[in-house]
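Student: Each chain, letter by letter, is given below.
There are 2 protein chains.
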Amino acid sequence: MSKVSTRIINVGICGLGTVGGGTLALLNKNSAEISRRVGASLQVSHVATRSLNYEQVSNIHHSGTDPFAVADDPSVDILIETIGGYDPAFDIVKKALLNGKHVVTANKALVAERGNELFEIAEKKGVVLAFESSVAGGIPIIKAVREGLAANKINWLAGIINGTGNFILTEMTSGAGQFEEVLKEAQELGYAEADPTFDVEGIDAAHKLTIMSSIAFGIPLQFDKTYTEGISSITPEDIRYADELGYCIKHLGIALRTEKGIEMRVHPTLLSKSRLLANVNGVGNAVLVHGDAVGATLYSGPGAGAEATASAVVADLIDIARHVVAGATSPIYPPLGYTQKYDDVPILHIEDIDAEYYLRIPAIDRVGVMAKISSILQSFEISIEAVIQKEAVNGVVPIILLTHRAAERKLNLAIQDIEMLEDVKGKVNRIRVAPFDRAET
Amino acid sequence: MSKVSTRIINVGICGLGTVGGGTLALLNKNSAEISRRVGASLQVSHVATRSLNYEQVSNIHHSGTDPFAVADDPSVDILIETIGGYDPAFDIVKKALLNGKHVVTANKALVAERGNELFEIAEKKGVVLAFESSVAGGIPIIKAVREGLAANKINWLAGIINGTGNFILTEMTSGAGQFEEVLKEAQELGYAEADPTFDVEGIDAAHKLTIMSSIAFGIPLQFDKTYTEGISSITPEDIRYADELGYCIKHLGIALRTEKGIEMRVHPTLLSKSRLLANVNGVGNAVLVHGDAVGATLYSGPGAGAEATASAVVADLIDIARHVVAGATSPIYPPLGYTQKYDDVPILHIEDIDAEYYLRIPAIDRVGVMAKISSILQSFEISIEAVIQKEAVNGVVPIILLTHRAAERKLNLAIQDIEMLEDVKGKVNRIRVAPFDRAET
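Residue numbers (the working numbering), protein chains in the order written: chain F, 1447 to 1887; chain G, 1447 to 1887.
The shape of chain F in the complex, shown without the other chains (with noise of 0.2 Å):
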């Protein structure tokens, strides 16, 4: 066995949270293997945290508060940004990278609304901006896209991408009770925030599909129009008629290549259960790509926690180093994948798409209603697949539709009348089928 080269590269972290102390803790445990695999010593030179641990950084040569002077701070080679938030990060990032120095952020928010200007930077600088554990923790999703299946023309992506969303969806589904009950165990068990909004709302996942999809078809990253929608109206009724249909409900981000454009859109999503993406549970992560030469491949594992995203901020360290080490001039892979990106493709609009979709109508009990229902769905040219009519409870019948293809503005349209009609009290629930199911998987 030969000697591991003693080459250093000197790293900086700033933020010691979870995934920063997570980072910290992976490089010491597996530093010599990482060293090995490298050919060079990954060294953590400088921290900078808000308050300092003197235990977690007493073999640090450089600590302190101020992630600024390990942005300054020409021994640095690459500066890992682990603070989260907008607000000093960007300042920081972009400082790094003005100064010529290689970054990895773990950072999601910041690379879907403002990672256009970041990369920029990067590449006017010849350095590499990576952010792997940024979308499904642990799983390397970014490089599976963009150098994986760099041979295909990306058709469509769909995942599960946010870890607490599908804790709570598979709960209720495993009876579990209503959303909000369910929410309140997440909380409990640590799997959801004391603020859970940007998880069950979507925005979390947002972000993380606005990043995939700008490396799957060559986009610039356009968070703005993509469309988010939540899981807190999703019921256990809903949950259980979509099983008598077949499906389960997932809370799924997809981005799709249609003639007229890309759909960006997240929002709860039936699945056919016999899909292995709808067998994917708990805190769970998952992607599935669809590729024109390779077909649909699948990305399971950790989407959480402090190891998994380490893990991912680490390999990012490691292709950087390698970088170094190889003596490449510039980066080897453009950060999105694409050397020139396409600024003319159009986003669809969520009114624009069309899709299946499943309508649960709480009508009257009365004769008729069913009648009206359809003739209604006919006049905007929807037809329907199936229809199961519940048992009534205090008067009220659950129908349950599951429409063909529509366009998605009709159908707007559609429930707009059918929420007018006398025999209808209340809102109609809609819930997207999965634009992929019918497709080769």
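Everything labelled a hint here was simulated from the structure, so no lab data went into it. Check the hints yourself; a few may be wrong.
Note that the list lumps identical chains together, so a pair holds whenever it fits in one copy or between two copies.
Quick list of in silico lysine to aspartate or glutamate cross-link-like pairs, DMTMM-like style, CA-CA up to 20 Å [claimed, not checked]:
1. Lys1856 <-> Glu1797
2. Lys1541 <-> Asp1738
3. Lys1719 <-> Glu1501
4. Lys1836 <-> Asp1519
5. Lys1873 <-> Glu1705
6. Lys1540 <-> Asp1518
7. Lys1570 <-> Asp1537
8. Lys1571 <-> Asp1518
Please arrange chain G on chain F, whose structure you already have, making use of the hints.
Tutor: Same frame as chain F, but now just chain G:
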């Protein structure tokens, strides 16, 4: 939208069979998308094929029947070897590497059995020898383990890495008949070769497992030490009994790091039905990889077919082209993941492993036989976890046992003794339970 760089990288393809032909077709089909990703054009300038199909090669500058002419032509930057087999594939790849060309091969037998020598040459010459397509077809599993999980100490991996075998077991599980009948069906459908030995006896899977093990653990390729057992002894009854115990039977390639050394083994395996891996059916492939930081991640998709395999060949090509464009002076990734390999880690003989076992014992329906079997097992310190005793057929009762963890050497001795019992009529069928089945998934 800015103009794509016009830098041209010359590619020579040796062998235009299923994979080589698929590669040529894919490079043509997605050339615009690929140029945009690479920032250069990949141009197939040379092909060598046994019988020239003029339609296929009409646009190619140099076409002929001599692959060595491709390996020797200084204008070729990257050579693709899609001939298969050892001879002349080995000499072509070696020649190309010695001539300073990067090489992409889809040849798992070549990499598993003669890779150590070829990688040494590639390293000396500072060129890339890429082989993503040699394992699990279109699933980027080499990249995932070597790069995506590089921060981890890999504890184990297990995969369904032969589509033919998985198709046969899936069909048998859905009641399609005995092994021989289903094999015939697979041959008629084109899923199995006329001589199915490589697939059903596990040799193909052992090649792939050898390659994955090397990358996972940083050890040399050691195909000769990989234990290989096929699926021809599995019966529909075994599948049914396993099902009653909560398991399905899959043909897995398993690589496991233990305190005593490394296990590399391909054999039929009992797997809990609830696992995602257990639900990978038909010709699909899937690999489950467990890293110490990330936990378990799963990679699944099409493991064979012209287009899926070409997807991986062209991904390798794109990776190399990106190296060239970035001006890397040496390959960024050590081909087997480590700059220094561990030469001193023992590979365990199959008799030296510990496992849980499923045993099917054909016994005479007579009082006391179970007591005798238990007593033999006990004398070898093997304890029983579960027993199912089935109805007698022609006076023979299949006794189904599930053992607790035991040493395989002892189990073999116990089986010998059991088979010598007067009440036991025929061979004991033994199937190992997945070693990770009780561990965290």
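Student: So, for every hint listed, does it hold in this structure?
Tutor: Consistency of the hints with the structure:
| no. | hint | verdict |
| --- | --- | --- |
| 1 | Lys1856 <-> Glu1797 | within (8 Å within a copy, 67 Å between copies) |
| 2 | Lys1541 <-> Asp1738 | neither (40 Å within a copy, 34 Å between copies) |
| 3 | Lys1719 <-> Glu1501 | neither (49 Å within a copy, 45 Å between copies) |
| 4 | Lys1836 <-> Asp1519 | neither (68 Å within a copy, 74 Å between copies) |
| 5 | Lys1873 <-> Glu1705 | neither (33 Å within a copy, 61 Å between copies) |
| 6 | Lys1540 <-> Asp1518 | within (11 Å within a copy, 47 Å between copies) |
| 7 | Lys1570 <-> Asp1537 | within (17 Å within a copy, 43 Å between copies) |
| 8 | Lys1571 <-> Asp1518 | within (15 Å within a copy, 38 Å between copies) |
Checked against the numbered hints given earlier, this structure breaks hints 2, 3, 4 and 5; the rest are met.
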